[in-house]
Structure formats: C-alpha cells, structure tokens
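Residue numbers (this note's numbering), protein chains in the order written: chain H, 13 to 494; chain C, 133 to 381.
Source of the hints: derived by calculation from the structure; they are not laboratory data. Computed from a prediction, not measured in an experiment: that's the story for all the values here. Keep in mind that the hints are not guaranteed to be accurate.
Simulated crosslink set (SDA-like; lysine to any residue; CA at most 20 Å straight-line) [to be verified]: (1) K359/H with F153/H; (2) K438/H with G184/C; (3) K471/H with Y229/C; (4) K467/H with F278/C; (5) K438/H with K353/C; (6) K438/H with E276/C; (7) K438/H with E221/C; (8) K232/C with R173/H; (9) K471/H with V344/C; (10) K471/H with S268/C; (11) K283/C with D441/H; (12) K390/H with N191/H; (13) K471/H with G273/C; (14) K211/H with E259/H; (15) K353/C with L368/C; (16) K232/C with S453/H; (17) K471/H with E276/C; (18) K467/H with N226/C; (19) K232/C with D456/H; (20) K232/C with Q482/H; (21) K467/H with E221/C; (22) K438/H with S268/C; (23) K283/C with D442/H; (24) K467/H with G184/C; (25) K438/H with L368/C.
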Amino acid sequence: MSETENRLESLLARRYKHGFVTDIDADTVPPGLDEDVVRLISRKKGEPAFLTEWRLKALRHWLTMSEPHWSHTSYPPIDYQAISYYSAPKAKSDGPKSLDEVDPKLLETYEKLGVPLHERARLAGVAVDAVFDSVSVATTFKERLNEAGVVFCPFSEAVQRHPELLERYLGTVVPFTDNFFASLNSAVFSDGSFVHVPKGVRCPMELSTYFRINAAKTGQFERTLIIADEGAYVSYLEGCTAPMRDENQLHAAVVELVALEDAFIKYSTVQNWYPGDAEGKGGIYNFVTKRGECRGRNSHISWTQVETGSAITWKYPSCILRGDGSSGEFYSVATVNNRQQADTGTKMIHIGRDTRSTIISKGISAGHGQNTYRGLVKVLPSAHGARNFTQCDSLLMGGKCGAHTFPYVEVKNPSATVEHEASTSKISDDQLFYCLSRGISEEDAVNLIVSGFCKTVFKELPMEFAVEAQNLLAVSLEGAVG
Amino acid sequence: MLKIDNLHVKVDGKEILQGLTLEIPSGEVHAVMGPNGSGKSTLANVLAGRPGYEITAGSVTFQGRDLLALAPEERAREGVFLGFQYPVEIPGVNNVYLLKAAVNAARKHRGLEEVDAFEFLTLVREKMRLMRMEESMLSRGVNEGFSGGEKKRNEILQMLVLEPRLAILDETDSGLDIDALKIVANGVNTLRSPARSLVLVTHYQRLLDYIVPDHVHVLVKGRIARSGDKSLALELERRGYDWVTGEAA
Ligand SMILES: Nc1ncnc2c1ncn2[C@@H]1O[C@H](COP(=O)(O)OP(=O)(O)O)[C@@H](O)[C@H]1O
Ligand SMILES: [Mg+2]
C-alpha cells in the first residue's frame, strides 16, 4: 500500500453526527406482518376502502415473492416477522395543526439535526415536511403554498383531502407488483409526502421532506407521490438520518413522480441514514424504489442524489420517457466507507420520439466499501431519435474497497444515439501534496479533491443544499483526526 | 532565513543529495543550476516536505526552526512556497477556491480570521492583471486543461497572493516563450524584498537575465560544486555544464 493510501486509511475512520435517540412515547404495533396488521395501519390512518383493498392486494402479492439477490451486496437474511411495521410518536390530540402544537422534543430533534423547522421556514424559504418514524410531524409554509394552489402535505393527509388524486395516480408508476420491496411498501407504507402542482403553476419555493427513523426494530416505509400537471414546475428535496443502533433497520420507500405535458420535476436526495460502525455492525438497509414517468410531451424529470449513509443502498431512480420530446436526468454521488455497500444507478426507458436522457454517476469508495453502478438504457422501437449520454466515474481511496460498473444497454431503434464514458481513478499523491504544499490540511485536501470529483453532480442541487451535501460528504469521509 | 547543512537524501535507496550545504540570507535571490538529474527538484521537494524522500543525514533550519520536523502544510503556513516544475491538475476544484483555502489556512495559523471575500477577489484580480491571466482562469479547475505556460503563471499567481517568506521556484522558466518569461519574471520581481528570500531552480541562465540573482550555485551529483555571482551563470552558459562536472569529478 502506498503512503497516501495509508494516510487515507487513517483519515477515513468516520464519525456519524446524527446518531442520537429521541426519548419519546411512541405508539408502536408489535412486530409481525399479516392482513390484520395491514388493516390496522389502514384503520389508524382512516383510509377509504379502495386504499385498504390496494394494500391487501399488495400484501397478498408480496407473500408470493422472494427477496431479490441479484445486486452486488451481501447481508444476513432479514426476518420480516421481527419488524414492527408502524411506529408513531404519541400525539396529545389528533395531530398538530401548526408548528406551535408540535411536541417540543420533536422540534428539538430536528433542530439538532440541523433542520430547525421554525428557522428554516423563516430564513431559507424552503417548505419542510418532517417525517418521524411512520408519521409526518410538521409541514411548514402550508398557507403560502395553498395560495399558489400547490398541495404539499403528509401522505396520510392527502388520503383524507385528495382521495381522488390518489386513486388516479397511486401505483401508476410503481405498481404494487413491481418488485419485492415495492410490494412490501405498498402493503404497509405509513407516511411520506404528497405534492400536486396544478396546471401552469411554478411552485414558489423549494419543497423538502426530512425523514427521521427513531424507534428501534421498526421499518420505515414511506411513500411519496409528486404530480406536476401540464406546464408545472417543482423542485423537491429529501434528507434522511437515523440513530446509531447495533441492529440493522429496514427502510423500503417508494417514490412516484408523474410529469404531464411540459412539466418539470426536479427531485434531489441527500441520504445520510446511519451507515453502521467501522466493523459493519448496524446501519440502515436502504432498499428504495424511485421512478418517474414523463407522461406528457416535452416533460422533464431530473433525479439528483447524494448517497453517503446506509449500510446497504439498493436504489435506481429511473425515468420512463413516454412523452415525445421528454427528457430524464440522473446525477448521482454515492460514497461508501468502512463496510458500506451501495448498488445504485438508474434506468432510462425511452418510449417517445426524440426523448433524451443523461446519466452522470460518481462513485467514491473507501475503507472496505463496495460501490456498484448499475444502469439500464433501453430504447424501444417507438423511440425514434432517442439520445442518451452516460458517464460513470469511480474514485477509489485506499486498496481494500471496490468499484463495479454494470451499464446495460438495449437499443431497439437504429436511429438512437447512446454514448457511454467511464473512468476509475485514485486520489493521487501529487494532487494531495499539491494541496498540502499550499498549507491546506490533509483532511481538507481530500475533501477538496473529492468535491471536485463530484462537482458536476453537486451543481445540480438546489443552492441551499449544495453546501449541506458538500459538508455531509466531508463528514462521511472524515476521520478521527486529532 | 534558510540554512541547509550537509544534507543527504535517498530516493528509492539511491543517494541523490550527497552532503549539500547552502545558506540563503533574508532578502537574497539565489539561483540553483545544474544538469538534468543532478538533484535540483529533489532539493526543492525536500524543502517543501514531499513524502517519499529519505533524509539520512544533515539539517535544514528555516528562520531558526528545524524545517524538516514540520509537516508540509505547516511549512507552507510558515511561509515556504514551492512553485512546481510540473503543476498537477485537480479537476473540478475551483482555482480560486483552492487559493482561498490556502490563504485562509495561513491566516488561521497566524490567528487571523478568514479573508474577506471581496478584498480577496480584488487582490487576486490585481495579481492576475500583473500576470496577464484571463479572469476566466479563476473559475476553471486547478490547472485543468491549462497550457504549460498557463500552469507556470498560475503558480506565480499563487505565490503573489500567498506572499511567502521563502519561495522555491522549480524550473518556472521551462516551457515559457520569451513574452511569458518576461511576465513571470516581472511577477517574481515584484515580490523581492528585504524580508523575503527566493530560490530559483533553473537549467538555463536565460531566466537570470530578468531576475538577477545575488548568488548562483551549481549543483552536481547532489552537491554544490561551485558558487559565485551572476557571472557564473554566464560562464556556465558559455562553457557548458561539463566544465563544472569535469572539475567536480
Ligand atoms: N521518485 C523517484 N524515484 C526514483 N528516482 C528518482 C525519483 N525522483 C528523482 N529520482 C532520481 O533522482 C535524480 C535527481 O532527480 P531530480 O531531483 O528530479 O533532478 P533535476 O531536477 O536536477 O533534473 C535523478 O537521477 C532521478 O532519476
Ligand atoms: Mg527538476
């Protein structure tokens, strides 16, 4: 091992800053999953019959499926009967109407996490929905959004107030039969965010959801649905953290995006679930299905993800490019350190004419981490003139980690153009020494070089979050220096 | 300012510097010349603290302190600057961002707060004009896609902004055309002051027409084989390195 590698090793032992537990009374259903549990969840949420029925169909389908094992990850078997499928902080009344009614302990939690709900609402002008374990605890800026006609609320509130929208769109992008984890989610999903931006409306502010797992031995199964009607524009960001616990916790979310004609959806993720300790004990299993459909002509969906946390990440935010002239983008930074494993990428399904897609993936591997890019570019016979550009870059830090790339391409229309570029590099001794010789500390130098590597992705993030993501990256590669 | 005494340095088990002794007082400009492979870059790198060099004997004192005991970043913060012979590219890292990080690291070391963003930019722009650099080079990646000459000018820009006490410029003149050479020399000359020392590592005496040194040393086989004033460089130019190597052998 070179000297740089040795030094990097010692720099890379990481600290997780969000690992505290909030001591709060919770209403948690006992572990186990059957039709009664699904009915119980549905009843707790006061759901209409169609939704209960949909959940049950999903459960029945799920029971016929087996866990997928094609990804480049390994983990002990998950006992799905040992997980609790619902946990909510006990509310004093029916749930808070405004921030002032939210349990101060919860507000404090979000403040500690760097998401001060009051502050952020006032200063940054970003609307936040905060999801704590299975339920949403606060949504800010509701009035201003209402005035613009934008619906941004917890999923369970949408069930009450916009059942017609749910019935029309839920499961139309990710059907409950889609895959093992999506089916499980469809049966037991608890909360998440719902967004509807009406025709011609440009959402007046960034929307964001902050997911927090707190309770032990629970799974988090949130469901997010975003609909941008004709000509609408919305930019949405999600952030996630969890306490440090020795056992693994399952997070199996589903996100569906629907973009109608000329609509624009920008979806950004800064994922920092607890990654487990240096030996790989504990951490979140982040098994997530995210998919957007560009349903209308010239619609646009852009995914940006910065994945620094989780013990295992298994997610492929994808675009179905159905509308003619529609376009999809996927910008990704995934870091793995210690024993983390990430198998992530995207699928771009070209159906409409002149559809375009861009994939930029930056994988950073350190410690014993395993980082896999897995992508599919599929051009159907109907997609005349489709174009794709894919770039996958891997950065290796130290000699014990791994980077793997699986770019699948299926082209059924000869007029399509598909380009692929890939590179694998290391932080070079020369780059590091150049920074040191300018007085920059080793840790800052590594961060500088890594952020440079990620720049094309970071610049896609909304301004307020680009800085946050950069800091997070620094933390995730930070060592116990000093 | 700088005192090198009987320095022995090995690279990959091979002794490159073999008892080098050199003293550079404050306010002076010294040129270190020598044939290819004589150890000039090795000397420059060892002074800056590059890893991979084994110091087997000797000492280096910088402003009364043991320079070799300091980490490279500490040396830089104390005012040592190395202008690289081959500046490396760092893709995606903003040129001006690196420069600002460097300035702030030095300020923090001196107990000062971070530089004011506006003042910093004003200063950098002024120095860039001096170096005849396009402003667009600020927002490009560090040395990313720069021509050889642009890289060298960028090194001098960094030096002008960082205002080091001791600057070691390793073959800053190589690969420059005559106009660029004059610009670089002009930049370097603005930094000459009684409180500052300069080491010009060069292969050719051409640079010394524009930055006139107080002393010239010839490095042969890891040792100073001969020292003199500016006329030594001219004599070398006339008679070639063989003249000194022959004598030294
Ligand atoms: N990293 C290295 N590994 C092996 N040999 C080296 C290394 N760096 C320098 N050398 C050798 O040391 C000698 C001096 O090199 P250098 O200091 O670069 O000379 P100069 O700058 O005077 O041309 C040369 O013989 C060179 O091959
Ligand atoms: Mg050299």
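Handout entry: Numbers of unmet hints, in rising order
Key = 1, 5, 8, 9, 14, 22, 24 and 25
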